[in-house]
Structures are given as structure tokens and as C-alpha cells.
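Visitor: Model the full assembly from the supplied sequences, consistent with the hints where possible.
These protein sequences, in sequence, are chains A and B. Here the first sequence stands for residues 1 to 487, numbered as in the numbering used here. Here the second sequence stands for residues 1 to 487, numbered as in the numbering used here.
All the pointers check out, no bait thrown in.
Put simply, identical chains are the same to the list, so a pair is met inside one copy or across any two.
Straight line, CA to CA, 30 Å or less: simulated DSSO-like cross-link-like pairs of lysine-lysine:
id, residue 1, residue 2
1, K339, K249
2, K274, K249
3, K412, K157
4, K366, K28
5, K225, K197
6, K399, K157
7, K197, K157
8, K249, K197
9, K366, K412
Honestly, the hints are just simulated from the structure, not real lab data.
Number of protein chains: 2
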Amino acid sequence: MGRQESDFDALFKPRNIAVVGASNTFGKIGGATLAAVLSGEFRGEIYPVNPYENEVLGLKTYPNISSIPGDIDLVVLTVPANTALEVLRECERKGVKACIMITAGFKEVGGEGEKMQNEVSEIGRRSGMKIVGPNCMGVYSASGNLIAIMSPVNPNKGNIAMVSQSGTLGMVLMDSISRTGAGFTKFVSSGNEAVLKLEDYLDYYSSDLEARVVVAFIEGVRDGKRFRDIARELSRKKPFIAIKAGKTKAGSEAAHSHTSSIAGSIQVFRSVAKQTGIILAENSDELVDYATAFAKCPLPEGRRVGILSGAGGWAVLSADACEEYGLQVPPLPANVVDKISELAPSYWSRRNPIDLVSSLDINLFKLCGEILFEEDVVDTLLYAYIAYDFSSSFDPLSKISIFSEEEIETFKKGSRWFMRTLAESASSVSEKYGKPVLFVTRDSEVYNVLRNSRVPVFGSPIRAVKCIAKMVEYQEYLERIMKAENK
Amino acid sequence: MGRQESDFDALFKPRNIAVVGASNTFGKIGGATLAAVLSGEFRGEIYPVNPYENEVLGLKTYPNISSIPGDIDLVVLTVPANTALEVLRECERKGVKACIMITAGFKEVGGEGEKMQNEVSEIGRRSGMKIVGPNCMGVYSASGNLIAIMSPVNPNKGNIAMVSQSGTLGMVLMDSISRTGAGFTKFVSSGNEAVLKLEDYLDYYSSDLEARVVVAFIEGVRDGKRFRDIARELSRKKPFIAIKAGKTKAGSEAAHSHTSSIAGSIQVFRSVAKQTGIILAENSDELVDYATAFAKCPLPEGRRVGILSGAGGWAVLSADACEEYGLQVPPLPANVVDKISELAPSYWSRRNPIDLVSSLDINLFKLCGEILFEEDVVDTLLYAYIAYDFSSSFDPLSKISIFSEEEIETFKKGSRWFMRTLAESASSVSEKYGKPVLFVTRDSEVYNVLRNSRVPVFGSPIRAVKCIAKMVEYQEYLERIMKAENK
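Guide: This is how it looks when you write it as C-alpha cells:
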């Protein structure tokens, strides 16, 4: 491990943390941040810093950084800008290794704030301290048991490392991705980037073995050449998914007033993305979907998709989406048609998409899935079984009480059992063949069953199909550069 | 009212209904369908028909159609194809006015089924009976208190009239749209269209005063010229939102095997849509979003959008999306900047998007919204306040119990109160000015508050902005044809 990586350890796996501005009041940023640190079940020493308290949230409290005994790995600053700068100087003198400046009121407010930020940059340069922010939401690290974030948050643990140049948006995206069952190893809200830049985090994630998928919310890139080099290196090793905000004139003006970043042209960004293998999300929905799919699925080996459906309409929309996004819906070989026909109702579609027309035979669905992989007909399997969520559909029926509660309950349980078993069989097919399987449904039972599986779930065919297309694109990118490197 | 419209009354507002195949077993189609009819609290006579029962679900039961005394408006057929055809002949003799053939096994299975369907068409032609299906899910009519559908369903009442050439998909879409708070006046699953075609329902909806927005899921159009004429007439009167499935080779082949429809080229369909003002949805998510927005919002008078945000990142993404979709994010006049500055924190964005940077001042948000309409700066207002859903964010905190439940509860209540009040103020601004207001958030409280308002809620900026763009496009279409007609 190089020097740089061990330096970042003070940020992502600190042995101890001081929270400056720690408070007993949850409504204050210093209170919420210390609470977040505690809620992460951090295993090292925690030092609240507050000159007016002897004890905060049950912990011995220090009047300042200097009075804390021994070395400090990480300091979190939540006090107002003026004070924060003074404490940062103290941190430099004390030899603190890393600092998260949640405090706002720096370059983004101009004038005096900008001058103060210049001093933050200077301290970072001079001391080598890893400084995050200022004007950020904080840092999360799963293996560090670290939630140094100013707002209540409950991310899943997992294999995604993320950096976001927008704090709140980063939190929303982390929350949305966590709800799909995908999870995070690290998250940084990079704020004004007085010292550590987007590029630095990406560079670190590139060699971080815990990060299997990297996600970035980008408003502006400060060093285009360095970004390109890091992106290229990163994409060679793991999927790098990015969204570029401030794509348009209206957007980039808004971005400038947000974190004073330099937006840069989207045309340039697009071309860099293409050259370096960046998986570009055009909007926040795509970012959530791509992150989920790449975090959960193995990469497909080719463009061929098998669609497995119980209702014609969904099969049609799924096939449309595949072809629109450059994927293939290959025909079924005669032996596959014969094998399925042995078990399927006579009126099944006899082609791909396989429409089993309301069949409730779970074994048949499973056979269809397995045979498509077994006979190497497809590279990816898409279950398009968008049952609607029955949860409230029975309300009118219950109201008039013509069937007994038991009878309706039996029927509901039957539907739930079917969807649950279908979901489980999708997951087992994915595990058995190590190939990507995606599920399209509105049924909440399926979401629950597949939450911790390798099968991502989407509410509509288009969202699933866009993910498959991006995975295929990335796989082809990898093959292309591998070929070029082996020449 | 013309003859045709009064004919459709037998379908959408029948005075009585016979359900053939009615059963005491909920798991059977005839049982579920009769249950659905009862759950809709249908106000006329209901005649279960079943030769083996004297009573079904507590209702006097008839052995056949002929034995039912008096005229019958609507018959619903759930028995197997052979029997269904026999009963249909009986219906013709009895002079039944309308019939919903849920029964499958006709043209979609080929051979004998195709022959039987030809006879259905012939009976329809000869008798003038309004025949829906066969191979369909059924019909819903709010003002008819009619749920003649084979599957449990709980649509909202409202102003949307829908026809779907895919049954299950139609049900899922109706369910999804209902969950947004928009609602339905009528829904038809048109099935194989042996008699009544897509075009017939659209023609009826065109002059139906209860239908304010028309939605169609289209796999194939049978009479291109007639479709074009009806679409043109329809769009002149009300928004006509359509999705065309089977756009691609893969999709149209799947569609053919689904309901044996003739898919037709998407290029032709796109050009027809453009000529006739059809609002074309490219996928099922767009269909749900457009239906919701058009059903709830007044149309915008122009392309100018005001973005109101509490977090920079969302403002940037929203501005990007607006410009990408041809909308304007106009600058704020000096007097508007001054007025907002009187109340806003000094570091507010001073431009559109208006970013109030974590301000919790509800009155300030309201003032900003009102002033943008009052001073005629924008035509549409977009609240981009995507707070994430706090519901599970506090779980880690509760686990370590450092704050009292009361303290955390107070904080949660505070967040809920803020989002609820912000949502209410968005709705009041919309009501006050009669102009479109849309809300972007992930906060479930906002969804609840705005469910029955004129303010649609979306989970991401791109989804809201696409709706605004479509509404502007339609408004401009109306202006264009009005101008042409007045020449």
C-alpha cells in the first residue's frame, strides 16, 4: 500500500474522532453529527469538543483540540466559519491527520468567506492534512464504522464507493440506492473542495479493494487532464458511474451559485466519458438504477436478452425497450421450443419473449430461465412480471364482505406465494449460472425477497433494459481496451 | 345526444347486468368478476347465470340468459370459448344491448378459435350489440358504479378515460395512476376487438363530457385513416395521451403473438401523432406521469419555468432538465430579487433557480412562489425539494438511545410539519393563480398531502420536467390549430 492510501485511512478508518461543536441538542448540527457518529457504533475513542460542557451525550468533553491527550486521526468541524478556521489552525499544530469541515460560509458566500477558504487550502497544502469540505454533509465508511454526517442517515453496507459534489443530493441518492438493497462501502460529500478534490477521492477509490463500483455526482471538474487519467484507470478496474450536473446553461449557472464550481462543457464531458469508459447517467433516476444494477449483477457476456413474462403487454414493452437500446431478443432454437412446449400451456408464445400467458407453474418459469442459459441462447434474463401491487386492490371487496376474510386471505396469500416463489427462482437461476438476471415488477413482495440477492428489481421494463444496455456497453469497453493492451 | 352515445350507455351505465359463469368460488374468473361487480356497488339488478346453482353470492341465480325476465343491458361472459359463443347467440336473440367477453381462446389461439371469433364479429355486425373483447380483462365506469373486471382492482374516481389493448398492462397502469391521486371515469380492456375497436372507444370518449383526459395503450391500429381523424378531433377537445407498443421488430412480433394485432410502423405512428396532437409516451413510466400531470394541472401558458429549491443539487438538475426539454428558466427581474432579498438569508441564490439554501421559512417559500406568478415571471412553478424519506433514517439513532424518544420524535415531527406545510402552500399557490405547480420530492408526507390536489408529485426532476414540456407542447398545438381554424 502506498503512502496516500494509508493517509486516507485517517479519514475512512480513523482510530479516534473529535467532534468540535458537539452538543446535547439534537436540533444543532454538532448534536446531530455526534449522534450520527455514535449511531454508527464507531469503535475508537470519541472526543466531544465544547468549551461550555463537561459532558456531552454521556461522553467526557474537552474545551479544545489541544487539550485532548495523544494523537488525533480525525476531527469533525461543525462550528461557524470563523471559529472553524481557528480550530483548523489548532489541528495543524496538533498534527491532526484528517478533518471534515461540515461548516458552511466559505467560498460559496464570496468576500471574506473566499479569503478564509484560501487559508484552508493553504493549511491543507502545508500540513498534508486530509481536509474534506468545507460546506459539506460529511463522510460515511462502512469498514470504519463511521457515520460522520450532519443529518440522520441509514445507508446499507455494500460495495459502492461514492463521492458527491452536492451534499443533500448525495444523501438522497445514497438513501434511494440503499432502498434497492445495494449498499455502500464509502460516501463523501466533497463540498467546496478547498483541499481534497473529486479527483482525489476517485483516485483513492481506484485502488480501494473494498470499492467494487464507484459513483460520482459531478458539478465541475477542476483538473480535466488529471480527471481523464484517473477515470481511465478507474474504469479499467471497476465500473465508474457518473452524473454530470450543470449540463446546460441554466444548469451550470445554478451550479456555480451552488458550490462555486466550474461546470465545464457537457460536450467535452461526454467525449471524455466515452474515451475513458465512464458509465454516464443522464438523470438521477438513471444514476440510482445503474448503481443498483452494477452493484448487484455480474456483467453480461453479450447483447442477447431472454424475456420471461406472464402477460403479453409487458413482454411487448420489454422487447421494444431491448431493441431501442441496441440489445438483441434472439429467436428460440427448435429444441428449446420443444422442451418448453412439453410443459407449457398450448397457447404459450413459442418465441422470445416467452409469454406463458397467466401460467402459475413456477417450475415452468424456472425451466424456461434455466434452459435459456443452459443452451446458451441468451446472456441476460429479464423477468417481466409486473403484477400490480395487490395491497389496496381488495379494499372494495372487503367493504362489501361477500366472501369470508379467510377466502380472500387465502387468495391473497396464494398471489404472494406465487410472486415470492417466482422471485426466489429468479435468484436461484442467477446464482446457478453466475449470469445477470433482472426483475421487473410492481409487487412489493418481490422487492422484499430480492433485496439482498443479486437480482435487481425495477418498476418498469425501460429502467431494467437501460441497465442491461449500460452493462453490455461497459463489458464491451473492457474487451476493447483489453484487446488494445494485449496487442 | 346521438344514437351511438346512447348505445354506449348500455356498456358504461347499464341498468342491469348478467354475469354468465357466476360462481361462489373467488378463485374462479366468474366468481372474481361477480365479486368485482358487487364491490363496485352497482345500483341496478344483478343476475348471476349458472345452471348448477340456485343462488350465487346471495343472489337469485338463473340457468341461462333467456330465463331472465325483461330486457338486459349488459352481459358479462366468463365461461369457456365454446359456451361463450353459444350464450352470445342467445344474447342476440334476447336483444341484449352490450356484452363484455372476458373469455379467452379466440383469434389469439388460431385455428378453431379464429373461426369462433369471426362469428362473434358477425353477431356484432348483425345485431349492433356493443361487444367488448373477447380475451379481455373487462370494463370500469365510475358514473355507472361498474367494476366488470376479472381481477381485484381499486381505481380512483376521476377524469381520465382509458382504453388498453393489453389487459394486465392496462390494469397495472390504472393502478399506478390511481396511486398518484389521479383518477378514472372509464377504463376498457379491449382484448381481441372482434367488434368494438380501439377507434370506437376513442370516438366515444371524444364526445363523453366525463372524460377530460384520454389515455390509450396501443398495440395496433386497424383503420389508420379513421384513427387519424378521431385522434385529430379528440386532441382538439382534450389531451389524448398514447403509448405505442410494438415499436420495434422484436416488440411487434411479440405484440402479434399477444393479441394478434397488426402493429404498424412506429415511424408512421409518430408522424400521425405529430399531425394530430397526440401526446406520445415513449414508455410506461412516461404514460403514468403524463396522465397524472394532465389530469391534475391546468395547462401552462408558455415555456417559462420557475424553480424553487432548498438544496442546490436539485436546483441544478431541475434547470438542466428544463433546458434539455426546451423550457426556459428565465432570469429574475431586479424588483423580484429585491423583494425576496428582504426576507431571504443573505446567501440565497439571487437567481432562478431560487435556492433558499436550507431555509425553513415557509412564508418565504410561499412568497417566492406567489411573486413569480404575480409579476408574470414564469408560467409554471416547480418545487424541487427532494427531501429524502426520513422513515428509516432514524433507525440507527433509536438503536443507541442517546436521545430520548421524545426528542427524536419532536425533530421528526418538525421535519414532517415543514414538508406538509410546504406542500400545502404549493397547492394554495396553484389554486390562487390557476397555474400549474409541480412538486419533486421523495418525502412520503408530501405525497399524502397533495394526493387530492392539483399539484402532481414526482420522485425526480426529470420526470416532472418532461411533463411540463409535454403540457407546453400540447398548449402550443392547441394555439396553432385554433389560429389555423380562425384564418
